[in-house]
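Engineer: Now that you have both chains on their own, put them together as the hints suggest.
So the protein lines, in turn, are chains A and B.
Start counting the first sequence at 1; every next residue gets the next number (our numbering).
Start counting the second sequence at 1; every next residue gets the next number (our numbering).
Calculated from the structure, these hints are not laboratory results.
We put the beta carbon where it would ideally sit given N, CA and C, even for glycine.
Take these hints with a grain of salt, some might be off.
[As the list claims (entries may be wrong)] Quick list of the computed label-pair ranges, beta carbon to beta carbon:
1) A:N211 to B:F220: 27 to 37 Å
2) B:L25 to A:L23: 44 to 54 Å
3) B:F107 to A:F164: 53 to 63 Å
4) A:A143 to B:W232: 21 to 31 Å
5) B:A146 to A:N211: 52 to 62 Å
6) B:A66 to A:S37: 50 to 60 Å
7) A:A208 to B:N193: 18 to 28 Å
8) A:A208 to B:Y142: 53 to 63 Å
9) B:F107 to A:I18: 19 to 29 Å
10) B:N23 to A:A208: 29 to 39 Å
11) A:P146 to B:F107: 48 to 58 Å
12) A:R54 to B:S231: 24 to 34 Å
13) A:L83 to B:V9: 17 to 27 Å
14) A:A19 to B:Y142: 32 to 42 Å
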Amino acid sequence: MSRRPGLIRLALVALFVIAWEFLARRFGNPLFIAPPSATAVATIAMLHDPALVRALLEALREIVTAFAISVVVGLCIALPLGLNAFWRGAFLPLVLGLYALPQVTLLPLFVRVFGLGPPTKIAFGATHGVFAVILAVLAAIRAMDPVLLRAATSLGASRRQLIFNVVLPSLVPSLFTGMRLAMSGVLLGVLLAELYVSTTGIGYFTQAFANAFAPAKLFGVILLLAAIAITLNELMRVAERRLGRWREEPGR
Amino acid sequence: MQIVCVAAVLVAWQIGSTTGWLNPLILPPVSAVAAALGTLLQTGTVWADVAVTLFELIVAFALAAAAGLLAGFLISRSTLAVRVFDPLIAGLYAVPTILLFPLYLLFFGIGSPSKIALGATLAFFPIALSTIAGFTQVSRIYIAAARSMGASPLQLFRYVLVPDAFPVVIAGLRMGLVLGFLAILGGETLTSNAGLGHQIVTMAESLEPAKMFAYITVAFALAIALNVLTSWVETRGQTHGREQTA
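Chain B extracted, bound-state conformation (with noise of 0.2 Å):
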């Protein structure tokens, strides 16, 4: 019923857009799409745009990654600085990130800078959080256990808390990653030169609509992969963290 569902919403578009019911600027047949979009893969001009998008996303979550594996654990390591920086950083995620677009386009031009910026900035919090979470939830009773035994630090580090924070630091990596790849359309949208946002908008404004749904298509198939992917990543680590506790 869900396959007859979606169906019958592209074949109702499909009519719609080709008897001129739907503009056909605005919502342009199923079947140009489809031609643009395989025109697009064919000719291979649609992998230089995602190429570009890809290599900002990767840069910006590295950068968050870092900054926010790093901070979230140093933070943990005191109560004090728990209480002091949690809801600091919370209350800095709830602000929108998307408002610092500006400042970023200012300070680091119009190419993929300015998105690698936003995308780390708003990647940051949720790994930050998250690995703060992960990493003051380690149960007092291991810790004191592997001390006991005689762990070093570093053994205590790599044994017991990291396998122990690892579940949720990981959801916390997934959500970065994905609201990094989100502010980066959002950032190529607005103002670029390059990526796949970049060209969703030449696309609407040339009013070429059958290509821009073929990017807006390349664009949800890669959010899907990316979703896919990374909840696998994250399904597989919690059940290699529990295994290494147990």
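With the rest of the complex left out, here is chain A (with noise of 0.2 Å):
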């Protein structure tokens, strides 16, 4: 019974495909819509292609390295606002400032100072994803026992120990859902300014397949981008559910 709803779910996603290959090949005008058939034989063939693979490669180097820059600063950031109630006041209103601004509107500049290759991209997907850790950082300070923290400070813990031994595991949980944030964030600003540079990377190819008409090409690297972004996403949905709930282990 349980397992009727995910049966159910993919005969759907594969009559979708069916009619979607059906559709495109009784009326679909080739230069714009390209079948599932065609396009899983184009897929197949960019693999093959050492100057696509690399700039996936990339795409995907430039994901994680935004990912990890965005972690670490935003826990940079988050700690002292949320440990001192002064550098909370003076920055915190900035901060949310800051996060309300679109940023998309900022992505021609970051290409100003970062240049066409991979910096821009780095740098565009870690101010995607750092807002994500300071908030569910900051979220987590504040809902933390107080009375664990006077019980520390009591039993004659030093400021050091305090963060170490008992601010930073209680705050692990919520550092794994900000960190599952983080990353679709980080993917979707990485993305943009992949696609915003049409010159080199990723938007290279999508140009170049738009502009020849060439859409089963086209489907193919958006679908590889994709499974890129979906395998990203489980990992960390996997580490959230897997690391994350280390104070609900048995036996406590």
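Structural biologist: Dropping the structure here:
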């Protein structure tokens, strides 16, 4: 019984692919739409194109780097803001103000500063991910049990011990939630920048395939990127579920 | 202190770019940005692009709301449909929608329709998901009570289902509007021939950083206005919904 919705879902997806195949062959203009079979053939052929594979791997590296930066920088910003009322009062409004800014408006500025290569994409991805980390960690610090802090302090914990033995461990679950959200932000940022810069990287290929009216290849690139995005998102979801729940271990 | 901090940043920016510490081509003096913004607002050139962006947003949101509310409501009527479609929609929502933009450009061209399609696609997901969530969380007791008191299906919909689902649905509508706005700005920035995002890119490419920041300020103001407006509607809608069910 519990497997039935999954089966129906699978059948629906299969039906969708079949309908797409049929309609695209029968009615579609081959300059604009490609049936799934042609897309699959083109996708496999593209995996033998070293330039395209290099662009995909580069995008993957940019995503991972931007993600690492947004987690580290996010923690470095969130911890002082969370633990110190003065810094929070001074800088939190600034952080929230920047968060409210539609970041895509700054994309041309990023290109001006960081050039057309990976640095722009990494930087733009990192700024898209960092706020999720900051906000998740700040919320976790605000929700932290003050009894724990007072207990540790009264047992003579130093500030360093307090941070490493009490604060950081209690942040772990929220940090993983923040990291999952940061990953989807980073994906958006990196892909936006990749598509914006059309002289190198993925953006070059999508532009070239669209201009050449080669929809099978264009669909293929998009499917490959979607596969990367889905894999990374799933990894983060599994990490959140498995690693983020240390406090609910049995035996406690 | 918050004002002091923001003021300090602005003053540092102004001093930095006038003395040449900051590259004025990247960060022009605040005063120059303010002047450019003043001219934009006075001559009224900005309104044409604001109108394009808002038009795209309204059409995209209307499409997404119609499709999302209808699909969400229909799915919520059957437990099996919820279990089939809810994970499917949530899964698709996790794929970066921006990936579809090159396709939309191919299908719909460089003008407004491709931005509308992008905005509508992204906005559809939170609206559909929250509509499903809103209508499935309606308490069975309310429904049974209304039925046993002889409510017609229409009355059930109007007086029980809608008021109870409303607060959840409106949160999704708000999310859809905000995401739609961001998607449309993004599409305009990537490839377009009009709108705020288009102007920002044009000014950046023609080395007019003051005007570029003026347009960014307009987009920022619009984002904040949308946020304030929708959160006001959301709070109103939520208290309203609660009054009706109470």
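Engineer: Against this structure, judge whether each hint is valid.
Structural biologist: So, going through the hints one by one against the coordinates:
At roughly 33 Å, the beta carbons of N211 (chain A) and F220 (chain B) sit within the given window of 27 to 37 Å. Evaluation of the 44 to 54 Å hint for L25 (chain B) and L23 (chain A) yields a pass: the beta carbon distance comes to about 50 Å. Take F107 (chain B) and F164 (chain A): their Cβ atoms lie about 54 Å apart, and the range 53 to 63 Å holds. Remark: the range hint 21 to 31 Å for A143 (chain A) to W232 (chain B) is upheld by a beta-carbon distance near 27 Å.
Here the CB-CB span from A146 (chain B) to N211 (chain A) is close to 59 Å, well matched to the stated 52 to 62 Å. As the Cβ distance of A66 (chain B) to S37 (chain A) is approximately 33 Å, the hint placing it in 50 to 60 Å is violated. Between A208 (chain A) and N193 (chain B) the Cβ separation comes to about 21 Å, which falls inside the hinted range of 18 to 28 Å. Hint check: A208 (chain A) to Y142 (chain B), Cβ distance near 57 Å, so the stated range 53 to 63 Å holds.
Taken as a hint, the range 19 to 29 Å holds for the pair F107 (chain B) and I18 (chain A), whose Cβ atoms sit roughly 21 Å apart. A hinted range of 29 to 39 Å holds for the C-beta pair N23 (chain B) and A208 (chain A), which are about 32 Å apart. For P146 (chain A) and F107 (chain B), the hinted distance range of 48 to 58 Å is satisfied, since their beta carbons lie about 56 Å from each other. For R54 (chain A) and S231 (chain B), the hinted distance range of 24 to 34 Å is not satisfied, since their beta carbons lie about 45 Å from each other.
For the pair L83 (chain A) and V9 (chain B), the supplied restraint of 17 to 27 Å holds, since their beta-carbon distance comes to about 22 Å. Under the hint 32 to 42 Å, the C-beta atoms of A19 (chain A) and Y142 (chain B), about 39 Å apart, fit the expected range.
The structure shown violates the earlier hints numbered 6 and 12.
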